[in-house]
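Residue numbers (the UniProt record's numbering), protein chains in the order written: chain E, 1 to 273; chain F, 1 to 273; chain A, 1 to 273; chain Z, 1 to 273; chain H, 1 to 273; chain C, 1 to 273.
These aren't lab readings, by the way, just hints derived from the structure by calculation.
In this list, chains with the same sequence are indistinguishable; a pair is considered to hold if it fits within one copy or across any two.
Here are the simulated SDA-like pairs of lysine to any residue, each with C-alpha atoms no more than 25 Å apart in a straight line:
1. K32 with F175
2. K179 with R233
3. K112 with E273
4. K32 with A244
5. K179 with L9
6. K112 with V259
7. K112 with P257
8. K32 with R242
9. K112 with L9
10. K179 with T269
11. K32 with V56
12. K32 with Q249
13. K112 with E246
14. K112 with P137
One-letter residues, chain by chain:
Number of protein chains: 6
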Amino acid sequence: MTAASSAPLRFRRLLLTGAAGGLGRQLRQRLKAYCDVLRLSDIADLGAAAPGEELVPARLEDRAAVLALLDGVDGVVHLGGVSVEAPFEPILAANIVGVYHLYEAARLNGLKRVVFASSNHVTGYYRQDEVIDAQAPLRPDGLYGVSKAFGENLSRFYFDRYGIETVCLRIGSSFPEPKDRRMLATWMSFDDLERLVMASLTAPVVGHTIVYGTSDNTTRWYDNRCARHLGFRPLDSSEPFRAAVEARQPTLDHQDPAVIYQGGAFVRTGPFE
Amino acid sequence: MTAASSAPLRFRRLLLTGAAGGLGRQLRQRLKAYCDVLRLSDIADLGAAAPGEELVPARLEDRAAVLALLDGVDGVVHLGGVSVEAPFEPILAANIVGVYHLYEAARLNGLKRVVFASSNHVTGYYRQDEVIDAQAPLRPDGLYGVSKAFGENLSRFYFDRYGIETVCLRIGSSFPEPKDRRMLATWMSFDDLERLVMASLTAPVVGHTIVYGTSDNTTRWYDNRCARHLGFRPLDSSEPFRAAVEARQPTLDHQDPAVIYQGGAFVRTGPFE
Amino acid sequence: MTAASSAPLRFRRLLLTGAAGGLGRQLRQRLKAYCDVLRLSDIADLGAAAPGEELVPARLEDRAAVLALLDGVDGVVHLGGVSVEAPFEPILAANIVGVYHLYEAARLNGLKRVVFASSNHVTGYYRQDEVIDAQAPLRPDGLYGVSKAFGENLSRFYFDRYGIETVCLRIGSSFPEPKDRRMLATWMSFDDLERLVMASLTAPVVGHTIVYGTSDNTTRWYDNRCARHLGFRPLDSSEPFRAAVEARQPTLDHQDPAVIYQGGAFVRTGPFE
Amino acid sequence: MTAASSAPLRFRRLLLTGAAGGLGRQLRQRLKAYCDVLRLSDIADLGAAAPGEELVPARLEDRAAVLALLDGVDGVVHLGGVSVEAPFEPILAANIVGVYHLYEAARLNGLKRVVFASSNHVTGYYRQDEVIDAQAPLRPDGLYGVSKAFGENLSRFYFDRYGIETVCLRIGSSFPEPKDRRMLATWMSFDDLERLVMASLTAPVVGHTIVYGTSDNTTRWYDNRCARHLGFRPLDSSEPFRAAVEARQPTLDHQDPAVIYQGGAFVRTGPFE
Amino acid sequence: MTAASSAPLRFRRLLLTGAAGGLGRQLRQRLKAYCDVLRLSDIADLGAAAPGEELVPARLEDRAAVLALLDGVDGVVHLGGVSVEAPFEPILAANIVGVYHLYEAARLNGLKRVVFASSNHVTGYYRQDEVIDAQAPLRPDGLYGVSKAFGENLSRFYFDRYGIETVCLRIGSSFPEPKDRRMLATWMSFDDLERLVMASLTAPVVGHTIVYGTSDNTTRWYDNRCARHLGFRPLDSSEPFRAAVEARQPTLDHQDPAVIYQGGAFVRTGPFE
Amino acid sequence: MTAASSAPLRFRRLLLTGAAGGLGRQLRQRLKAYCDVLRLSDIADLGAAAPGEELVPARLEDRAAVLALLDGVDGVVHLGGVSVEAPFEPILAANIVGVYHLYEAARLNGLKRVVFASSNHVTGYYRQDEVIDAQAPLRPDGLYGVSKAFGENLSRFYFDRYGIETVCLRIGSSFPEPKDRRMLATWMSFDDLERLVMASLTAPVVGHTIVYGTSDNTTRWYDNRCARHLGFRPLDSSEPFRAAVEARQPTLDHQDPAVIYQGGAFVRTGPFE
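With the rest of the complex left out, here is chain E (with noise of 0.2 Å):
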């Protein structure tokens, strides 16, 4: 059996973009358990190369580099590009051909399946008193999450006509804590994420999966029933944290619309003229 037609549980070379970002550095630490050799990319600095290692830079933009990027990778988790609201040109670049660059780098050298981070905010503009999920339209909430409506459309273009399998992961908001009161519905811990990551890198099957990316949280506004086949249940929770955010955050005005909808601060974010 050739690796091109199995699922591994246990990759040779997996390939990490977005390495030196915020949640790049979180899974450079994880993802090493899960492969012999874990290749980091990014534009920002990678620092030193641990064992089992190997630093890639290479800016998506450059068909050439992506290619080779994918060369000799049997997984790939995508976090790379640009991962907030900013002015057109960089998300075009990275976010509209570096996804382009990345899907055919994997066409080309017959990778079987790609871990592609999306965000909630293709969602953004649904309100924080709705609930959807993963066949909800789009209403995404800035060009960055319509640069990122771009991968998941893509990406289901590639599975349909190649057969290359994506996860996307609609990620809420990860960090080490819930910073305010939207965090309680969006946060994802750091193992939630590694646990998502991996159900999405090993599950048997995924075809063309879309799931949102938060952990365990009372207050939710996704519902992932679409998504049970990964194997992803999260085991952390916003609770814990709500009492001290909601007594640093007592009021909210309902005015504002990084209140009323779910993307928060992104839908009050640019025009970037």
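Put chains F, A, Z, H and C on the given structure of chain E with help from the hints.
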């Protein structure tokens, strides 16, 4: 920041109507912790005011009284009115005219949110082998259920027109313990009732939310997935009471509408002529 | 076979309430053909009885009068009551108390079916770019709409409990011709109104059916697919009036709630204090 | 109150068919606690009767034998018949003709409820990256699955016509422990099987209920929210076995239909000519 | 290009089973125009073969005969079998065993598509005030309906496993004209039947399609929107016959299940013992 | 009343992009009747300006040019960009960067509504035996389809954030007549195209509406019931062309993805490297 533009976590003056009733007496003890002053109202005797309490008896069909009742409050938990199947006249006075007065008072006093005790009896004519959610068309099981449906619709209008938020609590059966086999499905502990009321009062955005109020029972007819944004998670269950309940009621008559329909005995109460 | 056990195609005595109103005057002329006696009721002047007519004025809030009104009839078309946004008191009297009296009278007289004029205003707070069906949650646009929702819920109860069937007609705008651009969506010709009423009276089984009443207009907000069992197919259309209507109203103010919401001007009527 | 008008919690004589099979042997030990007499049937050897047991071997295709088999029982758990993919003739005899005999016997003996072992193979042609519920259109994965679909439809008819209730258990994989990665999704412990069977036998009202039978596995393809009224809550999980299972089956062939579809190896069994 | 890889518009040898029945005699006249040879089969007398016809009588329960029957054909319209409520044995033989033989013969002969006469009786226990589509859970109204459900499920399996396409025609009531008020909803003219059969035979891709077969009646219980890809548009209607039908059947007994349920008289046929 | 606060029926200056393309040339002739000045843009030769026309060539990837292009217009029909499957670079330039420029220009120029030519290829990977509506998750069939999905998502954002309305036209196949059997489903006559464009420009409220653009074909894959508020009713049909089309293409290869999927030949175009 003015009260008008914020959702408080702690209330200066919280109004509890129906405070002399079964659930009212429970909440009277519990809500005091969340406010400076707890204003209590009923048409039945409320006893003496404890520290931090103020007693404001009012008939709901008395418009001026209800206007005064809501004056100066920044939160309302409305349990008042008829809470069982009854002839039309008292239901009309308290649950239809009275609820209209309540919302007019909220509008005129600039109140931003109401927690409204609706009832599972707005959908009592679903069968006990059906599981429904808050979007199921209403099927009230009596005049009481019809009047609670009126309150739900009226509060929807006050949200759409005036922005006054409401959480409609379709309360099941809140008693010290489940009394019969129907209550294995519908029972809500007083602790869970408190959790539900407080989540409804303090969730950042509720718009017009409908939620069923039961504990985390193993037998369930209601699906609250549309209301997870409230942050209500019941922690109790009817299950520990199952053996005792079943021992008391070992057989059921399948010809009895009260066994077939979710509304239980309500579906065979009346008509009142 | 007794009358009680059959749905007639021709009525011995058909009752039309609200017979002095705009639609009542239309139906008065038209329903005579389907019954031996047409009983007409209103609180306004009904003029003189034509052959085959009998005039029975009654106030809907007068229980005894309504009981007498339904005595001996084998079909009811209930247009009576307040049909525009108004202060709460007259709506309460006619559309809430009155409708309760109507259904009690139906129950006590053994009537099997009611055709009830509900209104598009039970869902008037949907936007004009939404298409809804009879299962959409109610969003009434005023006290009038709330009162019609009460009638729908009450009649549901009378079907579930007593087996009295009702067709709720959510009538759009029935006038000689559409008057403005909103009516291009909501208009129903008088001929289509007659078709709808007769289908509702004579369809073999209706249970509790909700149907929107409009002609076969090109612009539509309502989807009647759940009511095809009625056998109602509109044959007219607002389209021939489009050019004239658009010429009279060439621009619309997009800030105006009456332009945004399906309820039109109702959404900015009131409050009445 | 007669037995015919009540749903018992304890049975006088409970019938278990297929009692010599894998699940039958488990339930034989467990069901005795809930009845005075446990009648056991199979075509394979049942060994000796223990106290409180009675052995009634019967071929399901023998109408008279099945009529006698159900005589005097007040509850049936029907596991009998072919339980794997097989040629059409034995499936026809046991699972089609036999199930017809079972329901005729229930009707003629006045039995009020049947617990029927259907199978996950009635929907085996859904993909392993899909999550379905009991309302998903059937997609059987073989003749066995088609025969179980027959049983589901036949029992629906016996409920609609004769009021005989059925719970259709779409059992996943009930073994001492999950054997392969597919069973991480489909596994049901014997304790959870017992819970499911007893909930199905004793829930007050079941009408015609379809429920998937698995433990509370982290990886799931089935959504049982339409069956919560049964009061079945699995307490076990395949998760503790995950590491061992994955170690034994570290890779999967993505070209293999048994990996792609929920039915597993059933989707490549047969045809039998 | 071989026949096996194409969907023909004109058939070399088209098989019509049940050719001596009511609909069979109609289609015998009409299908000749679309094929070189029309093979006709039945167990009843087929008379003499006209030019271009060949007569191949066969019992459906005779596997070898059915294998021979499908030899050399490139299209099948399967009307054969029992077409009314009947005792189980003949239904079993023709509609269960027989349909299995038909699909085995299709598989072994390399046939690519079957047009299968299912029936509205697979959903006959829906009420006459409900409108359903092809995804509504089945509610057969008798053994005949259960057997047609078997055919639908079996053909679904043959599509998922072997790629043999089927269009399941849930035929209403195809007669020269509607005979009673139920048929105002269920009637299909012979011309519309021909249109439906030909659309089903020749649409480019049908997979496994379920379609209700009625004319464009004003009264309808069925919603075919999931089958528009077939290209079937009925051109006739029961409406011109309404007055005559209603005159013959002016009242209906609302206690009669045949009036309440879509299956009509089928819901009170049997049981056969 | 200012232009900004009204939806006009007649435009002062209407912009048509892509005016030199196949559909552009059709609309150039037709839109003149609805505006004082028709501004035409393309990168291909537009010939000479007719009276009432003004020619403003612009490259969509040129931000300044697009800003100027929308200056002074009160309506936009955006057909510009790549309209077939193509390498990524031109699609990126025109359909991604270009559409972003278009919406920025709309925002900066205070334009209130855009009619945007999306494409049926945003859902091209649905099968030809499926019927979908505008809420079906996207399944683009190529880079072109992915780019049109980008435009739909971007325009959703501009509506949610800035209130700029868009009608996304998922145009099928608009040609003088249907060329092949796929177009029997997807064809839209030029007259129906004009009706659709004008309904989209002038409907009172469109928010963000998605509509499939085909004629009233008998064979259909698309359900436009969510867009009836537009007032678009196609009057033409592919049916009169059926015989000729079928005669030219009597067989289809069922192994060909272009036969199986709605996207037709697009699903086998590319990849471009």
